[in-house]
Amino acid sequence: MSMVVANGLTHRFGPELALDSVDLVLDTGEHMAVLGDNGAGKTTLLRVLATALRPTSGRLEIAGLDAFRERRRLRHYIGYVAHNPGLYPALSAAENLEFFCDLQDASRSRVAEVLETLGLTSVAHRRGNLLSRGMQQRLAIARAILHEPRLLIFDEPDASLDAEAAEVLGLVMKGRTAVIATHDHALANRLCPRTLVLRHGRSLGTATHLRVVR
Amino acid sequence: MNPFRAAIAVARKDLVSEWRTREMVPALAQFVVLALLIGNFGFQIDSRNAPSIAPGILWLALVFAGLIAFGRTFAAEREQSSLEAMLMTPASPVAIFAGKAIAASVLLILCEVVLLPALSLFFGTPFSGDLVIAVLLATIGMASLGCLFAAIVARVRARELLLPLLTLPLWIPFIVAGGQAVQSAMGLPGSYDQAIGLLIDFDILFVVLTSLAARFVLDE
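Residue numbers (the working numbering), protein chains in the order written: chain V, 1 to 214; chain X, 215 to 434.
Source of the hints: derived by calculation from the structure; they are not laboratory data.
Don't take every hint at face value.
Here are some, though not all, of the chain X residues that point toward chain V, as calculated from beta-carbon distances under 7 Å [to be verified]:
no.: 1; residue: Ala223
no.: 2; residue: Thr235
no.: 3; residue: Gly253
no.: 4; residue: Asn254
The model shown is predicted, which means the values in this text are computed figures rather than measured ones.
By construction, the Cβ of each residue, glycine as well, lies at the ideal position given by its N, Cα and C atoms.
The task is simple: from the sequences and hints, build the whole structure.
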């Protein structure tokens with residue numbers, strides 16, 4: 001069964017065409033990397049898939065539901081990590097997650113479990129502004145999996161993560177459908193059997209295991 | 215998804231953040247005391263004219279403190295890039311808006327805890343329950359409007375300029391009715407009950423309207 005079915009996704013920011021008629025089908029449990037230069041449209045595509053941005057035109061179904069009519073319902077199914085962690089600096093790591101448990105209608109008992117999965121137990125009571133950028137990124141990933149989503153969407157999750165973090169990403173993606181935008185081709189090949197390449201908002205097609213030629 | 219749980223969580227989060235950082239309340243409290251001090255030195259205050267002048271100074275201080283308090287509600291979220299994370303949850307935008315408005319109102323009420331006794335101290339006007347009720351009722355409506363416009367302008371670079379331009383005209387009903395209620399509470403002629411009735415009507419009207427509008431303002 002397909003988790004994501006997108007047809008002709010197009011998005012314009014004023015006169016700028018950010019996404020040009022992208023078609024995509026992603027099966028349940030499949031992992032796909034989105035590659036492309038800066039400004040290729042990766043973030044726009046991910047924000048559309050995460051239902052954070054309504055496309056100018058095109059159709060998107062997630063888990064068989066119309067992504068924009070059923071947007072609020074789909075938020076239970078989607079875990080999204082934006083390029084910026086977007087944490088509350090005055091709250092501790094655990095408090096940041098507890099707050100999102102309340103908004104996600106998830107049990108607060110998930111917090112300890114998720115902190116352990118992401119290797120953040122030792123900094124659970126450290127304030128957000130005292131965490132390193134890499135730890136903040138891990139915390140943002142922890143926040144995205146609190147409600148046990150079926151679809152994970154990560155926008156350059158590896159930007160501030162160390163080598164060990166790739167293992168963590170693999171762990172959280174296990175059993176879930178995932179889309180990752182990254183510049184790291186090696187990471188893309190390691191975590192995702194399938195790759196979509198974007199250029200100037202257009203899809204150059206998908207491939208299984210990208211061969212990078214420089 | 216329980217909207218009350220979400221609204222309370224948002225309000226608690228904002229208040230805990232303020233308690234730990236103490237960014238807003240001490241500065242606002244200093245600001246209102248300075249405004250009263252300037253008003254006290256700027257006018258020739260005596261026991262006859264104090265009830266006429268004090269309400270004007272009170273509303274000026276409250277309006278400018280409110281603009282700062284409400285302006286920060288969404289600006290801080292945008293700066294931290296945390297608003298999108300909050301809006302990506304199943305929580306209703308109306309619940310998120312309500313939580314932000316509750317927290318901003320509490321912060322303004324904390325300033326009023328300083329402002330109202332200081333007003334009596336500087337101007338020698340009576341401090342009464344009627345005065346407190348009038349100011350609190352005005353705070354509710356002003357908070358709902360202030361937070362709505364703060365959400366609208368948060369993504370704009372010139373938000374500090376735009377927020378007063380959009381908000382002040384719509385705060386005029388609260389300043390007029392609140393001013394009348396405060397003057398009556400200070401012993402000047404005028405119907406206190408009528409002014410309070412108007413404040414309650416404006417509160418209901420603007421809380422409902424801003425809640426309906428919040429959905430469209432926040433939901434993209």
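Hint by hint, here is what the structure shows:
| no. | hint | verdict |
| --- | --- | --- |
| 1 | Ala223 | 4 Å, holds |
| 2 | Thr235 | 5 Å, holds |
| 3 | Gly253 | 34 Å, violated |
| 4 | Asn254 | 36 Å, violated |
Hints 3, 4, counting from the list given before, are not met by this structure.
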